[in-house]
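2 protein chains.
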Amino acid sequence: MSAGWFRRRFLPGPPGPAPRPPKPRASPVPYRRPRFLRGSASSPGPADTARRPDARPVRSPARGRALPWNAGYAEIINAEKSEFNEDQAACGKLCIRKCGFGAEDDQEWLTLNSEEFLTGHYWALFDGHGGPAAAILAANTLHSCLRRQLEAVADGMAATPPLMHLSGCCVCPSDPQFVEEKGIRAEDLVIGALESAFQECDEVIGRELEASGQVGGCTALVAVSLQGKLYMANAGDSRAILVRRDEVLPLSTEFTPETERQRIQQLAFVYPELLADEFTRLEFPRRLKGDDLGQKVLFRDHHMSGCRSYKCVEKSDLKYPLIHGQGRQARLMGTLAVSRGLGDHQLRVLDTSIRLKPFLLSVPQVIVLDMDQLQLQDDDVVVMATDGLWDVLSNEQVGKLVRGFLPGNREDPHRCAVLAVEFSRGLALHPCCS
Amino acid sequence: MSAGWFRRRFLPGPPGPAPRPPKPRASPVPYRRPRFLRGSASSPGPADTARRPDARPVRSPARGRALPWNAGYAEIINAEKSEFNEDQAACGKLCIRKCGFGAEDDQEWLTLNSEEFLTGHYWALFDGHGGPAAAILAANTLHSCLRRQLEAVADGMAATPPLMHLSGCCVCPSDPQFVEEKGIRAEDLVIGALESAFQECDEVIGRELEASGQVGGCTALVAVSLQGKLYMANAGDSRAILVRRDEVLPLSTEFTPETERQRIQQLAFVYPELLADEFTRLEFPRRLKGDDLGQKVLFRDHHMSGCRSYKCVEKSDLKYPLIHGQGRQARLMGTLAVSRGLGDHQLRVLDTSIRLKPFLLSVPQVIVLDMDQLQLQDDDVVVMATDGLWDVLSNEQVGKLVRGFLPGNREDPHRCAVLAVEFSRGLALHPCCS
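Just so you know, the protein sequences line up as chains E and H, in that order.
Following UniProt numbering, the numbering of the first sequence begins with 1 at its first residue and continues without gaps.
Following UniProt numbering, the numbering of the second sequence begins with 1 at its first residue and continues without gaps.
Simulated from the structure, these hints should not be mistaken for laboratory data.
Don't be surprised by glycine CBs; every beta carbon is placed ideally from N, CA and C.
Certain hints may be false.
Computed footprint of chain E on chain H; a stretch qualifies when at least three of its residues, placed anywhere within it, have a C-beta under 8 angstroms from a C-beta of chain E [unchecked claim]:
#: 1; stretch: 66-73
#: 2; stretch: 202-211
Restricting the straight-line Cα-Cα distance to at most 30 angstroms, the calculated cross-link-like pairs of lysine-lysine (DSSO-like) are [stated by the list, open to error]:
#: 3; chain 1: E; residue 1: 229; chain 2: E; residue 2: 289
#: 4; chain 1: E; residue 1: 315; chain 2: H; residue 2: 289
#: 5; chain 1: H; residue 1: 229; chain 2: E; residue 2: 296
#: 6; chain 1: E; residue 1: 182; chain 2: H; residue 2: 296
#: 7; chain 1: H; residue 1: 315; chain 2: E; residue 2: 182
#: 8; chain 1: H; residue 1: 311; chain 2: H; residue 2: 296
#: 9; chain 1: E; residue 1: 182; chain 2: H; residue 2: 93
#: 10; chain 1: E; residue 1: 182; chain 2: H; residue 2: 289
#: 11; chain 1: H; residue 1: 400; chain 2: H; residue 2: 357
#: 12; chain 1: H; residue 1: 229; chain 2: E; residue 2: 182
#: 13; chain 1: H; residue 1: 296; chain 2: H; residue 2: 319
#: 14; chain 1: H; residue 1: 319; chain 2: H; residue 2: 289
#: 15; chain 1: H; residue 1: 357; chain 2: H; residue 2: 289
#: 16; chain 1: H; residue 1: 315; chain 2: H; residue 2: 357
#: 17; chain 1: E; residue 1: 289; chain 2: E; residue 2: 319
#: 18; chain 1: E; residue 1: 319; chain 2: H; residue 2: 182
#: 19; chain 1: E; residue 1: 311; chain 2: H; residue 2: 229
#: 20; chain 1: E; residue 1: 319; chain 2: E; residue 2: 296
#: 21; chain 1: E; residue 1: 229; chain 2: H; residue 2: 296
#: 22; chain 1: E; residue 1: 289; chain 2: H; residue 2: 357
#: 23; chain 1: H; residue 1: 315; chain 2: E; residue 2: 311
#: 24; chain 1: H; residue 1: 311; chain 2: E; residue 2: 182
#: 25; chain 1: E; residue 1: 93; chain 2: H; residue 2: 311
#: 26; chain 1: H; residue 1: 315; chain 2: H; residue 2: 289
#: 27; chain 1: E; residue 1: 289; chain 2: E; residue 2: 311
#: 28; chain 1: H; residue 1: 311; chain 2: E; residue 2: 229
#: 29; chain 1: E; residue 1: 296; chain 2: H; residue 2: 182
#: 30; chain 1: E; residue 1: 357; chain 2: H; residue 2: 289
#: 31; chain 1: E; residue 1: 93; chain 2: H; residue 2: 296
#: 32; chain 1: E; residue 1: 357; chain 2: H; residue 2: 229
#: 33; chain 1: E; residue 1: 357; chain 2: E; residue 2: 400
#: 34; chain 1: E; residue 1: 311; chain 2: H; residue 2: 182
When you get a sec, could you build the whole thing from the sequences and use the hints?
So, in structure tokens, the structure goes:
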């Protein structure tokens with residue numbers, strides 16, 4: 001990707017050659033629920049559903065169908081917000097090296113490869129918006145992208161430190177020393193593969209949605225276990241935590257217009273054309289109005305990290321703010337509540353031709369846990385959830401619920417499955433949550 | 001500052017109007033040592049100087065001349081590296097509100113103002129390079145810029161939360177609520193004032209050096225105490241720590257081409273013109289050569305945070321790397337070891353017209369300590385030093401030395417002064433350090 005590519009794609013330029021004729025439209029992405037839910041039925045909400053007829057039913061894998069690592073999963077059918085549940089999930093075994101998929105239809109979850117070189121596991125949550133298509137495509141595609149990207153670097157990971165040349169040959173005899181001096185580790189290659197896989201998947205989604213005339217986007221939260229490490233890759237506002245006996249470790253950070261303010265303002269500073277004279281990149285405590293003109297008011301610009309200053313209000317400051325609102329209400333260009341994710345290639349500000357995609361990143365942040373070093377215990381649990389959970393429960397509250405539940409159910413191999421259902425049943429009483 | 005400003009200043013464009021005739025050249029910035037060193041003499045190095053005739057003498061304020069908060073200061077005369085000591089320091093009382101300086105010549109340190117509104121203290125270290133002029137200008141100027149910037153926001157800081165309108169009037173009755181919702185605090189305005197002061201000082205240095213035909217730059221590490229808070233602002237590779245009985249708290253992070261790789265590569269991605277076809281923005285484990293062509297080698301680009309991947313080497317990858325070398329040897333464009341600081345407006349890559357300034361930031365990172373909340377004790381000490389100290393001692397080693405020295409000298413009001421001299425005497429045995 002070059003600066004030229006970005007400019008050609010997103011910035012207005014001189015009229016180019018005539019656009020290619022539209023491709024024949026592909027059929028829409030078929031709607032589905034995660035594969036591992038096949039055979040399951042929706043269970044009713046919690047005991048007080050009778051008093052709350054609006055409580056939504058909870059769906060989880062059929063009893064006896066274990067997910068990798070006996071992971072639990074549950075979802076609330078989102079019938080009240082939209083016709084389809086916009087969220088998706090996927091999990092499976094990850095076998096890196098040889099190409100070719102297993103016969104997916106016969107299996108409860110994805111087997112990415114039948115021959116092994118490196119094996120691991122993969123769990124993913126996709127929180128969709130603007131329609132279910134992007135999250136479905138992500139659930140169908142991201143693991144394949146990841147497998148391809150991991151296979152592309154697997155030979156390099158074979159040595160410690162990783163090979164400078166993928167072929168294994170040393171152009172310079174001290175190449176291993178250079179790699180070691182730079183502190184490059186095998187896990188850096190896995191992180192790189194995750195970053196590239198997210199980008200590749202985003203491109204696939206863009207092409208597929210364009211071809212089928214659909215729209216939409218999704219966040220992505222992905223856990224991968226490989227070679228004794230747990231990788232948590234996050235693009236969006238979902239969240240993962242590790243609950244241990246004495247602590248709750250955050251495994252991700254949320255990416256929203258608020259948390260990524262500086263990156264977004266910086267892009268608007270470099271390419272003001274992206275705002276099409278409709279938005280101001282400056283942040284004020286509230287949207288300014290005519291009476292503020294000429295006054296000195298608090299503001300923040302791209303280069304200001306933890307600080308504020310005052311500026312004299314000019315007419316251009318009265319435009320709609322690039323990032324507006326507070327907390328859950330914060331929106332990018334008044335439209336989108338997340339700043340990273342997959343899809344949204346066609347998303348435009350309502351009634352304008354202004355695109356949001358240039359401000360969105362598909363690259364995830366990846367956090368690595370060394371599972372051996374952490375000496376994980378039986379009762380240590382990773383909780384991954386979309387904002388529906390985190391809007392009503394804090395990390396500490398979730399930790400307390402997990403710690404209160406698990407020790408009393410040590411004998412049940414499906415205890416994480418039961419726990420996930422319990423969480424969702426609690427959430428089913430908050431129909432306002434996504 | 002706008003994107004247009006950046007483009008006009010640093011990017012090649014169509015021929016503009018004829019340049020303004022050169023101003024009459026001002027006289028060079030006169031060389032001096034910090035004002036509070038007046039009357040002091042260089043003391044010999046440590047006891048074993050006799051065995052090490054190359055050990056450099058140490059200079060510190062004359063006994064009895066206390067610095068604010070009984071701070072200690074010591075420097076090594078840098079006679080072996082250059083004719084002048086390129087480093088500088090300043091400290092003084094900070095009185096915010098009214099204009100006008102005290103009669104500086106009569107005082108041991110700077111009194112910034114004789115009438116008080118808010119009072120605090122200021123300590124600063126400037127590590128110069130390419131000549132002493134930039135550090136001298138910074139020591140002469142930065143405190144005035146800071147006072148001006150603080151005075152510009154002092155009225156806004158008078159209320160809690162700070163006033164949305166500097167005038168105090170409320171255009172919208174719920175303005176205080178908006179400010180509170182955004183979590184804006186008085187300390188954000190002080191941080192903003194520090195950031196603006198660094199930028200203003202950088203502009204002053206640029207103008208003065210151009211007028212006097214001098215060159216050079218410096219890092220800046222500034223501590224400010226104000227309203228129960230300690231602000232540590234850092235632009236460069238100096239470092240501050242807080243040594244407490246049971247812990248050592250870092251109060252700054254270093255800004256070097258290595259630690260700011262992503263920001264620097266990102267700028268080169270957006271404005272490839274800045275590399276003038278001489279450099280590659282990509283990072284490889286070592287500089288590539290002809291034999292690497294066509295091979296797949298480890299690399300890192302601007303969007304890759306903690307990760308690496310492989311790419312097929314093309315001819316353009318053989319160019320000199322934008323950031324090259326490792327650790328202390330890492331250089332920006334083969335020239336500069338720091339990525340933030342003041343000055344360097346005229347600095348160019350040797351024998352080329354390629355400027356480094358667009359890649360350098362004058363904005364500091366500011367860390368805030370709440371001194372009340374920390375319940376600071378008598379033996380808690382802030383240590384500020386340039387890389388000369390940190391190249392030979394770790395945070396923990398410095399902490400151990402401080403803890404070993406202070407408790408045995410509780411009665412001596414000048415014990416920090418003695419401690420600073422002891423540190424420098426130790427360093428005087430490492431003449432290789434700057």
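Violated hints - listed by number, lowest first: Of the numbered hints, 1, 2, 3, 4, 9, 11, 12, 22, 23, 30, 32, 33 do not hold.
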